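Q: Single-letter residue listing:
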Amino acid sequence: MMNVRQMLRTAPILLGLLAVHQAYAEPVLTVYTHPSFAAEWGPGPAIKEAFEERCNCQLRFTVLDSGGAILQRLRLEGAGTSADLVLGLDTSTMETARATGLLAQHELSLPELSLPVDWQDPVFVPYDWGYFAFVYDTEQIDNPPESLEALVNAPDDLKIIIQDPRTSTPGLGLLLWMKHVFGDQADERWQQLQGKILTTTQSWSDGYFSLFMNGEAPMILSYSTSPAYHMAVDKTDRYQAAPFEEGHYLQVEVAAVVNSSDQKALARAFLDFMLTPNFQRHIPLKNVMYPAIDLGDELPDVFDRLIEPSRALMFPPEALRDHRQDWVNEWLDAMTR
Amino acid sequence: MHAATHNSPPLAHRNWQLAPGLVFSGLILLLTGGGLLALFLRADSDLAALWQSAYLQGVIRFTVWQATLSVLGSLLIAIPVARALVRHPSFPGRSGLLRLMEMSLVMPSIVAVSGLVAVYGRNGWLAELLQWAGAELPWNLYGLTGILLAHIFFNAPLAARIMVQTLERVPANQRRVASQLGLGSWQLWRVLDWPALRPVLPGLAALVFSLCFTSFAIVVTLGGGPGATTIEVAIYQALRFEFDFNRAALLACVQLLICGGLWWLVFRQNRHQAMLPDQSLSVGAHARRPDSTGWRRSADQALIGLFALFLALPVLAIAWRGIPWLAGELVDSELALWGATLRSLAIALPAGMLAVVLTLALLAATNALKPGLPRSLASVSGYLPLIVPPIVLGTGLFLLIQPRLGIQDYGLAVVALINSLMALPFTLQVLRGPFQANSGSTLRIADQLDIRGWYRWRWLQWPRLKRPVTLALGYGTTLSLGDFGVIALFGSPAQPTLPMLLHQQLGSYQIAPATGTACWLLGLITAIFVLLSRLGRTPGTSGVNHA
Amino acid sequence: MLEINDLLFRYPAQAAGSKGWRFNLNVQEGECVALSGPSGCGKSTLLNLIAGFLTPSGGAIRWQGQSLSALPPWRRPVTTVFQEQNLFDHLTVAENMGLGLHPGLRLSQQQWSRIDTMLDAVSLGDFGKRRADNLSGGQRQRVAVARALLRPQPILLLDEPMTGLDDDNRHTLQALLLRARDQGKTLVLVSHDVRDREVLANREVTDFYHPW
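Chains as they are written, first to last, in this note's numbering: chain A, 1 to 337; chain B, 1 to 547; chain C, 1 to 212.
This is chain A alone, in the form it adopts within the complex (with noise of 0.2 Å):
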């Protein structure tokens, strides 16, 4: 049996040991992400192969259970955190991470996007990004809605389903989607709805799975880019996405460099991996979603078969962080009234 006294003195040489092996040791670099990028079948295990292969690193997953869940934590931990990159945040959550000041610029020259919109931003790096949309089963309606307009003044028959903004990203969405087209009107508009929404989903997941399909109701806010899985993986061609003449609101991806990393340079090499083929080719069926490159043959075949929104709906970043409360309040009040 060590005594204390010999422990104590045995400590230092353990101490500079474990020196030692962490001063040999490959660097790590801790990336906080959500569970749809690091799980098994999505872009994370594949793309961690893809950069360790060159970055002599180590690529490490911290999956919180969403982008707002990712931002969270960044503000727990403030600079104390192991983070030294966040992947998963998107243009809604931007600006609040922006304020916090926890983030560097990438200093990067991006390379030739492939986005509906112009992007410049010396902090995020967009890595992904779709529309929004009404997903259906053709099997239950043939004729959906055409537009917002049309879907808010169909007939309360037609049931969907939604996600709570509250508690949602896509919930989100549909919420900026109607103010950005019916402007004031929005929570009129709401309540025209509200006799169709059959229930609103505390996540994606839970009207996806447990509702969707269940077969409950035959319409559900999801992504432009849905149906591009069900064709391309499950060989279905049973659930399409309905274009909307207004226009699609649009989300980015987007990832940056945390700022009191001490692996920033490794930081900003995965940055200028993340926007290169190696990187975005697992994307389209992985992640579900339009790749922030043009890959150009490697996009699958189904992505052909999307629709194409005639316009990218999008508020400007600053205007969701100062507005973002009141609009939800709004929504609130118009559907509890």
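Possibly wrong hints are sitting among the right ones.
To be verified - Sample of chain C residues with no beta-carbon within 12 Å of chain B, all distances over it, derived:
id, residue
1, N5
2, Q28
3, E95
4, A121
5, S136
6, Q139
7, A148
8, N169
9, T172
10, Q183
11, D193
As the list claims (entries may be wrong) - Some but not every residue of chain B turned toward chain A, in silico, with C-beta under 8 Å:
id, residue
12, Y55
13, G58
14, I110
15, S114
16, P138
17, Y142
18, V220
19, G224
20, G225
21, G227
22, Q237
23, M500
24, H503
25, L506
26, Y509
What the hints assert, rightly or not - With a Cα cut of at most 30 Å, we get these calculated BS3-like pairs of lysine-lysine:
id, chain 1, residue 1, chain 2, residue 2
27, B, K370, C, K19
28, A, K48, A, K264
29, A, K159, A, K235
30, B, K466, B, K370
31, B, K466, C, K129
32, A, K48, A, K235
No lab work stands behind these hints, which were simulated from the structure alone.
All values derive from a computational prediction rather than experimental measurement.
Idealized CB from N, CA, C, for every residue including glycine.
Starting from the known structure of chain A, arrange chains B and C on it as the hints suggest.
A: For chains B and C alone, coordinates are given in the frame of chain A:
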């Protein structure tokens, strides 16, 4: 002086009974209080304005309203079911039904909701059946109906199970006398059943109320819209999307006041006897009751049958959809399911055991204390985790221990710890009764014979606790097994636990594998329950070998 | 000698003006004393005070000149047999007996055979491995008394030990207790049945209690 023939029993000092429980209860109070305080200290919003907002008032009103209705619904269904089950002490499948009733509580809500929708939804089995018969589903599942249906699904079986146990405690002789007097069903209710049930009802109602009050996923999914927002949802929203710690803390306090107040009332009246089944009294011969013959018999059978269907159908629906995928894929040893199962068990088993240990320590301390404030605090502390949302506990804990501790490494241990705290209210209910089973003169005799400390535990308590402990372990383990909230809060390396795997699959359009995972999770929970209840039923020799 | 001098007791929860007692009693070693008096006169209360289950407000209990007042129940030279609930239902008869010899049941082979002998003496030789809750009321009381006799403690406190038993069981127990008395145990008996008192008691005491 008369010389003692032996030394003092090991661990006989009173402090051995008091200290662990008091320390634990203090830690729980500290964690909860500290968690709330940590949130308040991050203050940056106007609490007064929030307090006055119509939104908050609406949320509180709705939360109380749906919880009250759920309590009424659950109890009103549970009472006739329990009476019918007591009137028929033996029929094939009875013990299976009782096990199912114990289990309903721990079903992960996303799995249960999916099963409920598959049966009672607009395109569910019931709707199909009705359509075939030329009728329409008489309700719209989404809204208060759905919330009530789900809450009754979760809580009525639990309530009925507890009532069965309570009614079976009515001494056989009283039943015999009643049957000699030829009392009818109504009179039996007045003379025997109601007086037996009345003492457990307040505690039972408080338990169901708290469970429904803090309900989250069910309320959002089946509630239909933001009109159906519970305080728990508002807390989640405040923490996750508004980053408004203050508001979250205030809402948590409101929840604490309402539910905590209710428990305080229940405790003050001392009406918190053993409420969860201890599995020891579920079979046995009972006097034939005059109200269990003729048409009443058929009515009882119909009622029990319907109730069994109500419970079993959603489970079958999950199995129906999940088993084909599982059968096809289970042979694959690389399957993510295996790893996730192991990781889940690695968290859930320690969590379950910790919950049992904490419970025993708390009970020992409350038993050793005289009535008074410390005792009340020790009693109430076990129920705090039911009232304080795990997300608040988790975030508070995070704020408390995070600075520089490197949460990553402690993550899973913290998850197991919070999971075990979450199970406390249930394990407490299971173990309280059996823990106090030795009473009156027996305890005096035990004192006189110096059966104290370790010896009392070994000979007088453990033999009676073996079975309930396995059930408590079942609750603790399976509650942790199904937990998604806490583990998601603390984040994890890329390897998921089972519920995380399920959510990842759902988030990645992996619908078929997700049904498989849901089914697997449910199967695992069932297996743990069955296994542990088998374990508890092995005939107990007390372990002495003598010629 | 067992001496009770001006032992004061009042149940705490009762309303003001409620009953309290002052007890006085002397019992010689090897003697059996029967307490008699109307119901509620404090017979069982006195036994519980002697055993240490209740705490007196004043006065003294002495055994062989030494005060017992400061001793917890497990250090007192007494063994109690109540009217019922003397046994631990979930344990076997032998285990119930053994717990009287060692609270952790660490018994020598010799002690186990003493238990068997004692069980034979109360005609329960085959019952050692039965669970206590499988016994009839009379059998249970026989086990309880047998256990009390196994113990080395010199004083037996008997609180209605034979109430509700049939004549056979009553006679067996009476014989056992008589034998114990003759072997030098000191007995304090509370029994409402005059036959028990006549058979067992050397004397009957009626003036052991006073209102307080």
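Q: With reference to the structure, classify each hint as holding or not holding.
A: Consistency of the hints with the structure:
1. Here N5 (chain C) stays apart from chain B, with its beta-carbon at least about 18 Å from theirs, past the 12 Å limit.
2. With a least beta-carbon separation of about 17 Å from chain B, Q28 (chain C) lies farther than 12 Å from that chain, consistent with its non-interface assignment.
3. A beta-carbon of chain B comes within 12 Å of the beta-carbon of E95 (chain C); the shortest separation is about 6 Å.
4. Even its closest Cβ contact with chain B, about 18 Å, leaves A121 (chain C) beyond 12 Å, as expected for a residue assigned away from the interface.
5. The beta carbon of S136 (chain C) is kept farther than 12 Å from every beta carbon of chain B, the shortest such distance being approximately 16 Å.
6. Distance check for Q139 (chain C) against chain B: the nearest CB is about 17 Å away, which clears 12 Å, and the non-interface claim stands.
7. A beta-carbon of chain B is positioned within 12 Å of the beta-carbon of A148 (chain C); the least distance is around 10 Å.
8. Against chain B, the non-interface label of N169 (chain C) holds: every CB pair exceeds 12 Å, the least being about 19 Å.
9. At roughly 21 Å, the least C-beta separation between T172 (chain C) and chain B is larger than 12 Å, which holds for a residue marked as non-interface.
10. At roughly 16 Å, the least C-beta separation between Q183 (chain C) and chain B is larger than 12 Å, which holds for a residue marked as non-interface.
11. No beta-carbon of chain B is positioned within 12 Å of the beta-carbon of D193 (chain C); the least distance is around 20 Å.
12. Nearest Cβ of chain A to the Cβ of Y55 (chain B): about 6 Å, under the 8 Å cut. The hint holds.
13. Because the closest C-beta pair between G58 (chain B) and chain A is about 6 Å apart, less than 8 Å, the hint holds.
14. Checking I110 (chain B) against chain A by beta carbon gives a least distance of about 7 Å; that is within 8 Å, so the hint holds.
15. About 4 Å separates the beta-carbon of S114 (chain B) from the nearest beta-carbon of chain A, less than 8 Å, and the hint is met.
16. The restraint placing P138 (chain B) at the interface with chain A is violated, with a minimum CB-CB distance near 17 Å, outside the 8 Å limit.
17. Given the 8 Å rule on beta carbons, the hint for Y142 (chain B) holds: about 4 Å separates it from the nearest Cβ of chain A.
18. A hinted interface residue such as V220 (chain B) counts as satisfied when its beta carbon comes closer than 8 Å to some beta carbon of chain A; here the least separation is about 4 Å, so the hint holds.
19. This hint holds: G224 (chain B) has a C-beta 5 Å from the nearest C-beta of chain A, less than the 8 Å allowed.
20. Checking G225 (chain B) against chain A by beta carbon gives a least distance of about 5 Å; that is within 8 Å, so the hint holds.
21. The beta carbon of G227 (chain B) comes within 5 Å of a beta carbon in chain A, closer than 8 Å, and the hint placing it at the interface holds.
22. Below 8 Å, beta-carbon pairs count as interface contacts, and Q237 (chain B) has one with chain A at about 4 Å; its hint therefore holds.
23. About 7 Å separates the beta-carbon of M500 (chain B) from the nearest beta-carbon of chain A, less than 8 Å, and the hint is met.
24. Hint status for H503 (chain B): holds, given a least beta-carbon distance of 6 Å to chain A, under 8 Å.
25. With 8 Å as the threshold, the beta carbon of L506 (chain B) comes within range of chain A, its nearest partner Cβ sitting at about 3 Å, so the hint holds.
26. Interface hint status for Y509 (chain B): upheld, as the beta-carbon distance to the closest one in chain A is roughly 5 Å, under 8 Å.
27. Annotation: proposed proximity of K370 (chain B) to K19 (chain C) holds, straight-line Cα distance about 24 Å (limit 30 Å).
28. For the given pair, K48 (chain A) sits about 18 Å from K264 (chain A) by alpha-carbon distance, which is consistent with the 30 Å threshold.
29. A threshold of 30 Å between alpha carbons decides the hint, and for K159 (chain A) with K235 (chain A) the separation of about 26 Å falls inside it, so the pair holds.
30. Of the pairs offered as hints, the one joining K466 (chain B) and K370 (chain B) holds, with about 27 Å between alpha carbons and a cut-off of 30 Å not exceeded.
31. Taking the CA atoms of K466 (chain B) and K129 (chain C), the gap is near 20 Å; set against the 30 Å cutoff, the hint holds.
32. For the hint pairing K48 (chain A) with K235 (chain A), the CA-to-CA distance comes to about 28 Å; that is within 30 Å, so the pair holds.
In this structure, the earlier hints numbered 3, 7, 16 are contradicted, and the remaining ones agree with it.
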